[in-house]
Amino acid sequence: MHETFAQWPYVIAAYALGLGATLALVLTSWLAMRRAEKRRDEARKL
Amino acid sequence: MHGFANPARFLRLARPATPWVLGLGLLIAGAALGWGLWFAPADSLQGDTVRIVYLHVPTAWLGMMGWGAIATASFAEIVWRHPLATIAARAVAVPGAVFTAVCLATGSLWGRPAWGAWWVWDGRLTSMLVLLFLYFGYMALAAASEEQGQGQGRVAAIFGLVGAVNIPVIHYSVIWWNSLHQPPSITMGSSAMAAEFLVPLLASTLGFTLIFAGVVLMRMRTILASAQAEARLRRKAEGAA
Numbered sequence: 001m002h003e004t005f006a007q008w009p010y011v012i013a014a015y016a017l018g019l020g021a022t023l024a025l026v027l028t029s030w031l032a033m034r035r036a037e038k039r040r041d042e043a044r045k046l
Numbered sequence: 001m002h003g004f005a006n007p008a009r010f011l012r013l014a015r016p017a018t019p020w021v022l023g024l025g026l027l028i029a030g031a032a033l034g035w036g037l038w039f040a041p042a043d044s045l046q047g048d049t050v051r052i053v054y055l056h057v058p059t060a061w062l063g064m065m066g067w068g069a070i071a072t073a074s075f076a077e078i079v080w081r082h083p084l085a086t087i088a089a090r091a092v093a094v095p096g097a098v099f100t101a102v103c104l105a106t107g108s109l110w111g112r113p114a115w116g117a118w119w120v121w122d123g124r125l126t127s128m129l130v131l132l133f134l135y136f137g138y139m140a141l142a143a144a145s146e147e148q149g150q151g152q153g154r155v156a157a158i159f160g161l162v163g164a165v166n167i168p169v170i171h172y173s174v175i176w177w178n179s180l181h182q183p184p185s186i187t188m189g190s191s192a193m194a195a196e197f198l199v200p201l202l203a204s205t206l207g208f209t210l211i212f213a214g215v216v217l218m219r220m221r222t223i224l225a226s227a228q229a230e231a232r233l234r235r236k237a238e239g240a241a
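Protein sequence lines correspond, in order, to chains A and B. Position 17 of the first sequence, counting from 1, maps to 17 under this note's numbering, and the rest follow consecutively. Position 101 of the second sequence, counting from 1, maps to 101 under this note's numbering, and the rest follow consecutively.
Hint data in this document are derived by calculation from the structure and do not stem from the laboratory. Fair warning: this is a prediction, and the values are worked out from it, not measured in the lab. One thing to keep in mind: the hints can contain errors.
Some but not every residue of chain B turned toward chain A, in silico, with C-beta under 10 Å [said to hold, decoys possible]:
id	residue
1	Asn-6
2	Arg-9
3	Gly-30
4	Thr-72
5	Ala-76
6	Ser-108
7	Phe-208
8	Ala-229
These stretches of chain A come out as covered by chain B in the derived footprint (C-beta under 8 Å, 3 or more residues) [claimed, not checked]:
id	region
9	19-27
10	36-45
Built from N, CA and C at the ideal position, the CB exists for glycine as well.
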C-alpha cells in the first residue's frame, strides 16, 4: 500500500495545516482579547 | 461550583491562569509533535503516515469534547440561567469548529495514501462533517441572538443540547456500521497501540487540550470585556442624556 505513495508530502501538509490553524486560532484569540480589554479599560477612564 | 459562575470571580482566576495554561499547552503539544514527527517509529503497515495520528486524534477529541462542553454549558444556561454558562458556550464554538475542521482535513490527508481516497461517505467521516455543520449553525444562532438581545440566547442553548445527540453517533459509528475507519484504538483502561506510539499521542492530546482551554479562557475574557465596555458606555450615554 504505502510503497505506491510518497508519504512525507501528506505528513508535512497535515502538520502545516494543523499547526497553522492552531497558531492562527491562538493569535487571533489573543489579539481579540487584548483589544477588548484595552477598550474596556479606556471606557472605564471616561 | 455555582460560586465560580460569578464573572468577577472567574476573571480573578482566569487572568493569571490564561498564560500558564496556554504556554504549557504550546510547550507540551510542540514537544509531542516533534517527538511524533522525528523520533517515533514508522508503522509497519501505515509507514510514515502514522505520524498524522498525533494531530488527527487530539483534534478529533477536541471537536467532540468541545460540543460536550457546549451542551453542558447550554444545560446550565437553560436550568440555572448562569450568564457565565452562556459566555462559556459561545467561547467554545470557534475553537471547537477549527479543531473539527483540522480533524477532517488531516483525516483526508491520511486517507489518500492509506485508503486511496480523499473522502468516503462512511459513518465516522459523515458524522464528523455533521458536527462541523452543527458548530456553524450554533455560531450563526449565537450571533443572531446577540443582535436580537436577551432571551433569544435560549434558542442557541436548545440547539447546543439537541446537537449533543451527534456525539454518541460519532463514537459508535465505527461499531454500528461497516466502516473503512478503524474501531477505537484507545478505550477506558486499555489500548491496542504500542507504547512507542501511545506515549507521544497522549502527550499531544494533553498539549492540545491545554491549548483549547487557553483559547476558551481568552475568548471568554474577550466576551466579558466587550460586555463590560458596552455597559459602561451605555451608562455614560444615559447619564449624559
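Exercise. Output the numbers, in ascending order, of every earlier hint that fails for this structure.
Key: Violated hints: 1, 2, 4 and 5; rest satisfied.
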